[in-house]
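Student: Protein sequence lines correspond, in order, to chains A and B.
Taken in order, the first sequence gives residues 76 to 191; the numbers are from the working numbering.
Taken in order, the second sequence gives residues 76 to 191; the numbers are from the working numbering.
Note that these hints are calculated values from the structure, not bench results.
Keep in mind the model is a prediction, meaning the values are calculated, not measured.
Hints are all accurate, no fakes.
Since the list can't tell identical chains apart, any single copy or any two copies may satisfy a pair.
Below, a list of computed lysine to any residue pairs in the SDA-like style, where the Cα atoms sit at most 20 Å apart:
(1) LYS135 x GLN99
(2) LYS135 x ARG155
(3) LYS130 x GLY100
(4) LYS130 x ASP95
(5) LYS187 x PRO82
(6) LYS187 x ARG81
(7) LYS135 x THR123
(8) LYS187 x GLU79
(9) LYS130 x ARG167
(10) LYS135 x PRO120
Protein chains: 2
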Amino acid sequence: MPIEMRPSQALNLWYGVHLDLVRQGALDLTARQLTILLTIYLQPPPHTVRGLAAKLGVTKPVITRALDTMGALGLVTRRRDENDQRNVIIQRTVDGALWIERLGDFIVAQAKDLPR
Amino acid sequence: MPIEMRPSQALNLWYGVHLDLVRQGALDLTARQLTILLTIYLQPPPHTVRGLAAKLGVTKPVITRALDTMGALGLVTRRRDENDQRNVIIQRTVDGALWIERLGDFIVAQAKDLPR
DNA sequence: TCGTATCGTACCGCTTGCGAAACGATCGAG
DNA sequence: CTCGATCGTTTCGCAAGCGGTACGATACGA
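Generate coordinates for the entire structure from the input sequences, incorporating the hints supplied.
Tutor: Now the structure itself:
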């Protein structure tokens, strides 16, 4: 069952969520950072730097930098792959899961209050 | 008629839209910039710097800087208020309207392809 | 074992956004 | 006419992301 919505509703949804995020001074993630974060939490693991880079169509340093930032914020963790020591496995954290969860609820709430 | 959606659908919608925006290398607007842009195009005019600052809960320089950036991108224009020369009226542009329109269609398309 | 490919990261200079404070221009009350 | 208030902008030092490149560590085939 797909979600049906009109362009004006879509834009108002986008607007409402962003406006509230800005107002509450939420952690200011880049579009890229948010995309990486959502990939980690919505797509099946394992997640590697090169895998994310390929998926998003960006270079590896972009991923590394984003992981540095979000790691410092406690949203993700890194771990060496035991089978192949060259790889780094990106893992979820409790704080990250909570943040994602709140974002989801937030969008749902905004959608519910959308004008018909 | 409010839009009903579950948190997982909301997050997947957010994910899909952001992922495609990143992949197509769309102009990389800050959350604040996007919020300002959407305010200008979704809320009734006139829009002033202090009005936007108050609405978003940020300082005026933030608005000025964002307008500089988006002005250079051709998304908005500034004009002096003729009645009160101290005021600046922020105006929409054709390019900005097109960009917003495409964003809306984009979100709608993503929503339609959402898993049930 | 040696050489090459692959992985993630560190470095480089550069651009851009940030908060806080100060500024010039303009308005409006007295 | 004058003086205080208001508006948007500019400036400052600072932090963070960017693209591109080079690097050390690890894996793996010949």
